[in-house]
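Asks: Protein chains in written order, with the numbering used here: chain A, 353 to 520; chain B, 353 to 520.
Calculated from the structure, these hints are not laboratory results. Since the structure is predicted, the reported quantities are computational estimates derived from the model, not experimental observations. Be aware that a few hints might be false.
To be verified - Straight-line Cα separation of at most 27 Å, DSS-like style, residue types lysine-lysine; simulated pairs: (1) B:K450 x B:K428; (2) B:K420 x B:K452; (3) B:K373 x A:K452; (4) B:K433 x A:K428; (5) A:K464 x B:K420; (6) A:K411 x B:K450; (7) B:K420 x A:K411; (8) A:K428 x A:K464; (9) A:K428 x B:K411; (10) B:K450 x B:K402; (11) B:K411 x A:K452; (12) B:K450 x B:K411; (13) B:K428 x A:K450; (14) B:K402 x A:K377; (15) B:K428 x A:K452; (16) B:K433 x A:K391; (17) A:K464 x A:K452; (18) A:K391 x B:K391; (19) B:K373 x B:K464.
Protein chains: 2
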Amino acid sequence: MAEAGREVAARVVLQQCLYAKLQVKPPDRDSEAEWVEIKRGMVVYVCFFKGAENAIIPKMVTSLLNVKLSETDTGKYVSIKDLPGDVLVVPQATLGGKTKGRCMQYHSNAGKEQGMELYAQFIVQCQQELGAHPTWTEAGAVLHHGTYGNRQVLQLNTNGPYTHLLEF
Amino acid sequence: MAEAGREVAARVVLQQCLYAKLQVKPPDRDSEAEWVEIKRGMVVYVCFFKGAENAIIPKMVTSLLNVKLSETDTGKYVSIKDLPGDVLVVPQATLGGKTKGRCMQYHSNAGKEQGMELYAQFIVQCQQELGAHPTWTEAGAVLHHGTYGNRQVLQLNTNGPYTHLLEF
Numbered sequence: 353m354a355e356a357g358r359e360v361a362a363r364v365v366l367q368q369c370l371y372a373k374l375q376v377k378p379p380d381r382d383s384e385a386e387w388v389e390i391k392r393g394m395v396v397y398v399c400f401f402k403g404a405e406n407a408i409i410p411k412m413v414t415s416l417l418n419v420k421l422s423e424t425d426t427g428k429y430v431s432i433k434d435l436p437g438d439v440l441v442v443p444q445a446t447l448g449g450k451t452k453g454r455c456m457q458y459h460s461n462a463g464k465e466q467g468m469e470l471y472a473q474f475i476v477q478c479q480q481e482l483g484a485h486p487t488w489t490e491a492g493a494v495l496h497h498g499t500y501g502n503r504q505v506l507q508l509n510t511n512g513p514y515t516h517l518l519e520f
Numbered sequence: 353m354a355e356a357g358r359e360v361a362a363r364v365v366l367q368q369c370l371y372a373k374l375q376v377k378p379p380d381r382d383s384e385a386e387w388v389e390i391k392r393g394m395v396v397y398v399c400f401f402k403g404a405e406n407a408i409i410p411k412m413v414t415s416l417l418n419v420k421l422s423e424t425d426t427g428k429y430v431s432i433k434d435l436p437g438d439v440l441v442v443p444q445a446t447l448g449g450k451t452k453g454r455c456m457q458y459h460s461n462a463g464k465e466q467g468m469e470l471y472a473q474f475i476v477q478c479q480q481e482l483g484a485h486p487t488w489t490e491a492g493a494v495l496h497h498g499t500y501g502n503r504q505v506l507q508l509n510t511n512g513p514y515t516h517l518l519e520f
């Protein structure tokens, strides 16, 4: 069996992609929906729990951007920074859900304001870490992210999502 | 923070979709790749750990197929059985990974033979539970699944993946 868990401040699911497209603004009366797109890279679904502090973020960012989960053309696994590949961060509060009977409850999730602040910090620090890595910046790779609190309308095209769970 | 964990026999990630397409046989010299497709429904990524027993499967199947995570046209959440929606099961051993430094290790995963047997049983019991639910069968909904051990080349189109983690 897997090792027993512990208090968790943040939960992240990673999927590798060849292409992904995410709605960042829904359509309204006056304007069409807005989308962001990434090419080959990694989708980072992130959820913060109650009690999570800003201090957790540098550790998350370092871990997620340096873990070797991205496959090169020769089948070697390297970090997303070294691939170098695009990054799409998707706020995904549903990852904090726990079943109660047939329903899902989200009582452990960070509150809206706290979650929004942690998410904003997470994006800033991801951008800083990627921006400081010449291999990544010189390749013209991009970081895009979804809008906290919105429905995350997503399309994904993979050569194997290679789904991983990381908790912090 | 989220509640501390415990021994885990299986880990499942669920995503809702409008459409999904999965390769079930890679191309070879003599034939093209084979794919399965689902329409509106749920993608079930599943990973078994060492020590998991067949006895866990009925509980998993009941929980996954009855939890209310699928959105109707009127915005109500119902089970995939009641939606009724298609189901795509994707074996995803990577979900058992744990970071060690910058690398990912899979020491807790079920061995290949045991994993394959559990996966096969899981599919059979999902099909039985869905097949016994007239709302699901009469709508012509389908269950498809990936090939254990293969690369899971996947395309996904969502109206929000609404990603959930369930552990058993």
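Asks: Taking the hints in turn, state whether each one holds.
Replies: Against the structure, the hints:
no., hint, result
1, B:K450 x B:K428, "violated, 36 Å"
2, B:K420 x B:K452, "violated, 35 Å"
3, B:K373 x A:K452, "violated, 31 Å"
4, B:K433 x A:K428, "violated, 41 Å"
5, A:K464 x B:K420, "holds, 23 Å"
6, A:K411 x B:K450, "holds, 15 Å"
7, B:K420 x A:K411, "violated, 34 Å"
8, A:K428 x A:K464, "violated, 40 Å"
9, A:K428 x B:K411, "violated, 38 Å"
10, B:K450 x B:K402, "holds, 14 Å"
11, B:K411 x A:K452, "holds, 14 Å"
12, B:K450 x B:K411, "holds, 25 Å"
13, B:K428 x A:K450, "holds, 18 Å"
14, B:K402 x A:K377, "violated, 43 Å"
15, B:K428 x A:K452, "holds, 17 Å"
16, B:K433 x A:K391, "violated, 35 Å"
17, A:K464 x A:K452, "holds, 22 Å"
18, A:K391 x B:K391, "holds, 24 Å"
19, B:K373 x B:K464, "holds, 25 Å"
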